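Trainee: Letter by letter, the chains look like this.
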Amino acid sequence: MTTTWNDLVTTALLGTERRAVPVGVREPGQEPAGALLDAAAVRTVQRRAALLPVAARARPEPAPEDGRPPLPAAARLRLERLLADRAGAGGGGRRGGAAPDLTELLPQWLAAANGHGFRAPEALLPALLEAARARSDLRPEALALGGPRALWLARLNPQWKYALRGDAAGGAALAASGVVAGAEGRHVWEEGLFAERVAVLAALRRRDPAAGRELLGSTWGKERAEDRLMFLDVLREQLSPADEPFLEQALSDRSRNVRSAAAELLTTLPGSALAARMAARARACVALDRTTDGGPRIVVEAPPECDGGMERDGVVAKPPSGRGERSWWLSQLVEAAPLEIWCERLGVGGAAEAVALPVADGWQADLHAAWCRAAVRQGNAEWSRALLGPAAHPPAPQGSSWLDPARLLSALPAGERAAWVAEFIAVHGLSEAFRLLGVCAVPWAEPLGAAVVDALDSARDAGGYPWSFSGVMGLAERCLNPAQADRLSVLTTAPGGPAVASDYWTEAFQRLIGTLRLRATMQRELAEGAPEKTAR
Amino acid sequence: MNAQGERWTAEQVLALAPDAASRKAGTKLATPGPWSGAGTDGGGRADGGAGSVWGECKGSGSTPYRTVVDLAGQDGPAFHCSCPSRKFPCKHALGLLLLWADGEAAVPSAAGAPPGWAGQWLERRRQRAERAPGGAPASAERAPANAEAARRRAERRAQRIAAGATELEQRLADLLRGGLAAVEGAGYGQWDETAARMVDAQAPGLAAHVRELAAAAGSGAGMEWASRLLEECALLHTLNQGFLRVDRLPEPLAATVRARVGITSDAAALLASAPPVRDHWLVLAQRDSDDGRLITRRIWLHGRSTGRMALLLSYGAAGRAPELSLPVGLAVDADLVFHPSARPLRAVLGTRHGAPAPCPEPPPGGDTTAALRTYGEALRDDPWLEAWPVVLSAVAPVPGADGRGWQVADADGPSALPVDPRCEGDSAGLWRLAAISGDGPVRVFGECGHRGFTPLAAWAPDAVAL
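Protein chains in written order, with the UniProt record's numbering: chain A, 1 to 536; chain B, 1 to 466.
Same shape as in the complex, but just chain B (with noise of 0.2 Å):
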């Protein structure tokens, strides 16, 4: 948005906030009014970018409330705020940062240092990030007995797992002996109690996907719903399957096993272990869902000269945004390290080469059957897969009748994938899309599965998140 590139734009400001709430309220603060001794500085960074704002915020009291934030951080920004607020951040951070974001009137460059009660905050927090480092080699030295250690638990962990898989291989064979007509109408009880004991078992995973099959049962009737039902039962108990044979399989379906029912490695030690893949990476969109408890963040990558696409998740106990954000339309030279998996996808940000730049285009895409074909050949390589991302170069969005049944259909072409039915709840992003088409073509990222196509960004000409 701004020539230097080195304040945000509001966007990204936003995409900090925890809640619907507190973009609210950081939004009205974004005024100069409450503010007094507003600044920045660029805190010594090397690619120029901002250091550090800081001002005082007049509240209800007498004394303002003191916000300061560190935009310098290797894992993103951090704040502090004199407020009693638990949210994080909290509507003075963003509204801070919202004016900084609006340019040099509000927020002023400084001269000189951080007041006193600013700097203080942030020289304590570079020394700790300063230490950090140099405190790895001690733990190294008890490294073997902790592997030792680590080893047992993973075994134990397994184990509890295969248990769990043989259960719920049980249940599902129950289940098909006694026939599907059997459960029709049945409530969620029964699978509630079965996700919990997949998640006292450690295999998050497994829990997911009996809340899956628990969704697809209580959602109807006749063939089309036995027909859902089985497919979820089936891919269900492929993976039970699968897992029960982990160490019969080729490592990288294993892999891809392991993370399916549940078992993620610890971004730390893959960062250490495993080869980092430096790329341009530009940010396709980012989406949060929230379940009341966990706010999931998604931002899709898309590599520039390497032409993968990646999905980076963060995230946030409730109140609490996560604390990785991306710019959306912007691209980030920075090494990724990929999980392991049959088909890799999801990734950790490793070293960031640089400040986000603007990217000189958007990624190169195809038409609705290539985007099928993509996901097709991905199923190959992991059959659980819902959906793969793909952009789409020149669609138009079609509008189904009554808000239902919408269509991603080729702009020059007889062909179109039906929009994921679980889009058309909230249909903000797709109304969006037919606005900025206007029935021309237009290139859209999103994700293409058996359920249909989700979009998630669009290009006109500038990234637009759907």
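This is chain A alone, in the form it adopts within the complex (with noise of 0.2 Å):
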């Protein structure tokens, strides 16, 4: 008879003292239990040395193909510093020291790769895809650099799988590979992942607006309202004319939230008919009055009701608490009626001069934040221009707090937009800056980062502390053409301010010099491998 492991292993479980061993012993005299090691010894470096291969499990798919020019080596190794330095960061004395914050730069790297049409090294995706796990913001740009290989490892490790969900971040991957042609398109539409078929979509309006539209309307009442809602969004991208029939059908969809959406969309495209209802129904509420002494001002009479034709239209007739409904009604109204119509309204030439029309019985603030409001969401220069007022004085009384001069600043060209904040910051020092600097276009175009430089110099003169400013000094960082580099390099070595705090402005200039240098590298190394210059 045969000894097996299973009666050895079953003898060492009992003991031998219990059970006899089923081996002989060795030598003479030896012990049953060095026996029963002995024949365990051999058979454990038996079955060692005669172990064979498994059966291979099914393997994944094969990684589709990624066209893409690889990054120049020197951009690689930029990437990967960038992302090990992710790694472990975290809070603890990030401000201090003179060394750049690398974590910083990473979106602004990844989306200068993306802008040079690199993809990203293999091995390098399932660091890029973790940093983006823990950073949402990163999403979008980590995901298009990583392609669809990103995407392909995403769906082996269920920690990726906010790359194949909801937002648009993941469909980023697949717009960059361009895997969205034709019949597969179509079977992608039907099949795929909701990311997937967002991306489908949004290439295929980009691409053909109509045929977009087509595409979301042939599986429109199959859809689920958060999908259809999600789905509503990409319609945003190439609104025209052409998109108002089906946008007003989606006025009676089930889900609220649809419907809103799809009356947002339409108040966007002043000729709807929407936006003549709108327009019709803010007509009535507001007027000129001429008949008073002080000259001309406007009346405001705030609709009566919310109607089942204003609901479907998108007003919502509940207001938020602490708010009076009329006004509540009026505002969205105002928002949503096309600002094109005020000057004929008020008999004005323009919209500086509707803005500066006194309004009676203290309506100004709703009006107002209203025309702001619609300033923003049809993105009209013009009134935004008006709302806003010069840098130097703005209008708008203190606490105005309906007044949000970063969103209207949006609604303007990126030029005006610099050269209006950096008037701001001249006149009024960089306290109140920060929102309004985070708005501006990326690197900050003269005379703004002119204007932050020599804000930030004459802070420190004032004996100001560096990090009074540290919110407007990391976007400065992030921000600031590198060309001023060699301007700020002057001031470190320049004396002011009390000697204390200068030690602190030398080293946060410091550390603003090296994270500009820096910044102006990585483009170099971005820059010097890349391709032919491809559109995106």
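Since the hints were derived computationally from the structure, they do not count as laboratory data. In this text the structure is predicted, and so the values were computed from the model without any measurement. Incorrect hints may have been included.
What follows is a set of in silico ranges between Cβ atoms, one per label pair, in the way DEER data are often shown [stated by the list, open to error]:
1) Ala58(A) <-> Thr166(B): 47 to 55 Å
2) Ser136(A) <-> Gly425(B): 24 to 32 Å
3) Asp208(A) <-> Glu424(B): 44 to 52 Å
4) Pro108(B) <-> Glu382(A): 48 to 56 Å
5) Leu294(B) <-> Ala520(A): 16 to 24 Å
6) Ser470(A) <-> Gly413(B): 53 to 61 Å
Counterexamples of contact, computed for chain B against chain A with all Cβ distances above 12 Å [as the list claims (entries may be wrong)]:
7) Ser109
8) Arg177
9) Leu235
10) Leu239
11) Ser273
12) Thr306
13) Phe338
14) Ser341
15) Ala355
16) Glu361
17) Pro383
Ideal placement from N, C-alpha and C gives every residue a C-beta, glycine not left out.
Assembling the complex is the task here: the two chains are given apart, and the hints tell you how they should meet.
Mentor: So, in structure tokens, the structure goes:
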């Protein structure tokens, strides 16, 4: 009888005192326990030496090809370092020291690499997916750089599910790789994951707006409400009067969110029937009164009720708590009405004159706030400019909570935005400028960059401490044109301010300069190996 | 990374870092901002490689830190910095080297000599290095007396280890008499004590085995658990028996047994006594493990003409990187001396005949069946081997469900090796392998053993650490 390994294990479990050892002793006088261990050792080594491969499990589908060119060597190394710095980053004294904060530069680097049309190095995809898992702001660019292989990988690891989900982030990867053409696109639209479907729709919409709308219409009735909402958002791009019938029909959607999204889209089409209906309602509420002594003024008669027609057009009947319902309805009507109607209605030549008119009975805040939102929604530069007023003397009195210059600025062309903020900083300093700087295009165009540097310099001369400006400093590191580095390096050596603060300023400026130079290096690394510039 | 092969790559520099925090801090300092007066010179090296790098780094204080690195030393790079850090190398040295790795723009080659403060340190260091060989003959005169003392010490140690092995045999016999079921779910306590006694007996190898056994004992229940525990007990028993009869074993096996119980040969003595093996050694992988007190660095090499695998070990006390660092993917023309063993693998680096150079091709490899056969053949010589280094020429990783049960499968064949479950704890390397492969064939280097395969590097087509 041959002894099996299980026989040996059973004996070992029970103990040689209770159970006879199934093998003979090696030499006379040997303990049974020793004999058992001898036999087990032989079997162990035999088993290990005779190991054979196992049957391979089903392998994943091969990863799709990515035709984009690889990163130049220096840029690849840079990405590796940017990603390595992320590991173990977080809080603790981040602002200190004269060295740049690499984590803040990652978004910019990713955008630049995508702009050149590179693909991510395969070996760095896991680190890239991990980085974007922790920071959702990185996702669109990180997944675009990762391309189809990043999605392929994400499908294998539940930790990276986010890449396949919801927000158009995941779609960016597909869109970047252009796997959405023709019949294949149709197939993905019908069978694909949500993110893939969004990508297909977005890509088609960009190429052929009508075809995109028809693709969406073909399955519209079967989509879930939250999906319908996301798909509607895709139509925002390339929106045209041709989309109106589709959106009008969506105004009767089962879901309230879908209805209001459709209404909002229609208001951005100034010629739409909805816009005309809203215009008529808004006109009825706002008029010019020329009869009073102090010159013409605007009188407001808020709507008495929110009827079914208004609700269908996206007006929300129930105001937020603390808000009167009539003023709530009014502001929604004015916000949705095309701004073009007001010059005629108020008998003025332009937005600036309309904004300058006095408003009766304390309605000014409501009316101007609604105009602001309309200007932002409709991307109307003339009205934004008028509502903003000159940067040096903002027209709104202090404490006008409704006036949000940062949002209004976003409706202006980039150059004008930068000029306005530069003037604002020159007059008011940096303390209020953080949000305004946030909406300016990167890198900051002149004269904005010079204005920020000047303001930092005068803050130092005034004896302030650099950490009072840490927000602006952080923005400057990311957004200032690297060309400002040379001007700044003069400032680090210039004396000024109390001795203690001066040291801190030197450190802060050094850090700023270091970051700017690093950004210039990063751009050069990407540009040097770049293929022919591809538009994106 | 660069055409001349003179400057290091950032990976090579970062491999010097003693811990993750230093890597990070060093990386942050790798920008021109805080540095001034940085430079490098050839240092009169025959192979044209860099000799030294220096620079001044502005910190939070008023005086900048002065950092200098000597790259020309025989025993790897040496560092000096005026900062108070106890890390070694400190973040300034790492930052400076990273900056230097970036190229000529950041750290230019100096036309003249290094500045005084750097030059003095370099000079002192090189004088010391020249004196050192001259000192050897003096001690040789006392050699006979030393050799006699050393022999007596070795004898006393062998006796202590034998006593330890005997005691361990007793413990194992007790365990088997009472049955393994009795220790199911028992804590580590009693094993810790036994391990400590083996350390006292100057048998760190036996102590490590006891800890393995404790881990196996604490790892579960049932037949599979008992099976693993019995395997560990049986192999430890064989090692004890081997040591108690070491003078009757053939010399190569006796050397293996001595190494396994923890009697290691002194590197210098080895270099002086054994014949070197010269080859172009391709650096396959480098990996550090940290047990809290000691950092152990393993560097795997493959000889281009001999086809031999070799493993270099280097240690660093807490907070210090192990001194030896070789660039993965490059080949070094050097002498290696293997530790005596029935299956030699561990080696000591002797004379280097040139700077590391790019290797024209990755090492040859086989399929999964060949890998296991290689391990099996190695077991014939050394039954205690856990794994053996192998190259798989064309495999694709197969991720498991829920991050467990990974495989490495032959690219065109039905066979696969399970991945060692211990790799799945930190799966970053496995995912990197999956990303590189994209389910296509890759060449992978790793260790193949009875617990499965541990991937260590892949070629895509340049070497990538996993």
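Trainee: Each hint needs a verdict: does it hold in this structure or not?
Mentor: Status of each hint after checking the structure:
1. Separated by about 53 Å at the C-beta atoms, Ala58(A) and Thr166(B) satisfy the suggested range of 47 to 55 Å.
2. Distance hint check: the CB atoms of Ser136(A) and Gly425(B) are about 27 Å apart, consistent with the given range 24 to 32 Å.
3. Range check, Asp208(A) to Glu424(B): Cβ separation about 47 Å, and the 44 to 52 Å hint holds.
4. In this structure the supplied range 48 to 56 Å holds for Pro108(B) paired with Glu382(A), their Cβ-Cβ distance being about 55 Å.
5. For the pair Leu294(B) and Ala520(A), the beta carbons lie near 43 Å from each other, so the given range of 16 to 24 Å is not met.
6. Evaluation of the 53 to 61 Å hint for Ser470(A) and Gly413(B) yields a pass: the beta carbon distance comes to about 59 Å.
7. Against chain A, the non-interface label of Ser109(B) holds: every CB pair exceeds 12 Å, the least being about 19 Å.
8. In this structure Arg177(B) is not separated from chain A by more than 12 Å, as the shortest Cβ-Cβ distance comes to only about 5 Å.
9. Not every Cβ of chain A is farther than 12 Å from the Cβ of Leu235(B); the closest lies at roughly 6 Å, contradicting the non-interface assignment.
10. Consistency note on Leu239(B): stated as away from chain A, yet its beta-carbon is not over 12 Å from all of that chain's, at 9 Å minimum.
11. With 12 Å as the threshold on Cβ separation, the claim that Ser273(B) sits away from chain A holds: the shortest Cβ distance comes to roughly 31 Å.
12. For Thr306(B), the condition that its CB be more than 12 Å from all CB atoms of chain A holds, with the nearest at approximately 24 Å.
13. Here Phe338(B) stays apart from chain A, with its beta-carbon at least about 22 Å from theirs, past the 12 Å limit.
14. The beta carbon of Ser341(B) sits about 17 Å from the closest Cβ of chain A, which is more than 12 Å, so the claim that it is off the interface holds.
15. With a least beta-carbon separation of about 20 Å from chain A, Ala355(B) lies farther than 12 Å from that chain, consistent with its non-interface assignment.
16. The beta carbon of Glu361(B) sits about 19 Å from the closest Cβ of chain A, which is more than 12 Å, so the claim that it is off the interface holds.
17. Not every Cβ of chain A is farther than 12 Å from the Cβ of Pro383(B); the closest lies at roughly 4 Å, contradicting the non-interface assignment.
Comparing the model with each earlier hint shows violations of hints 5, 8, 9, 10 and 17; every other hint is respected.
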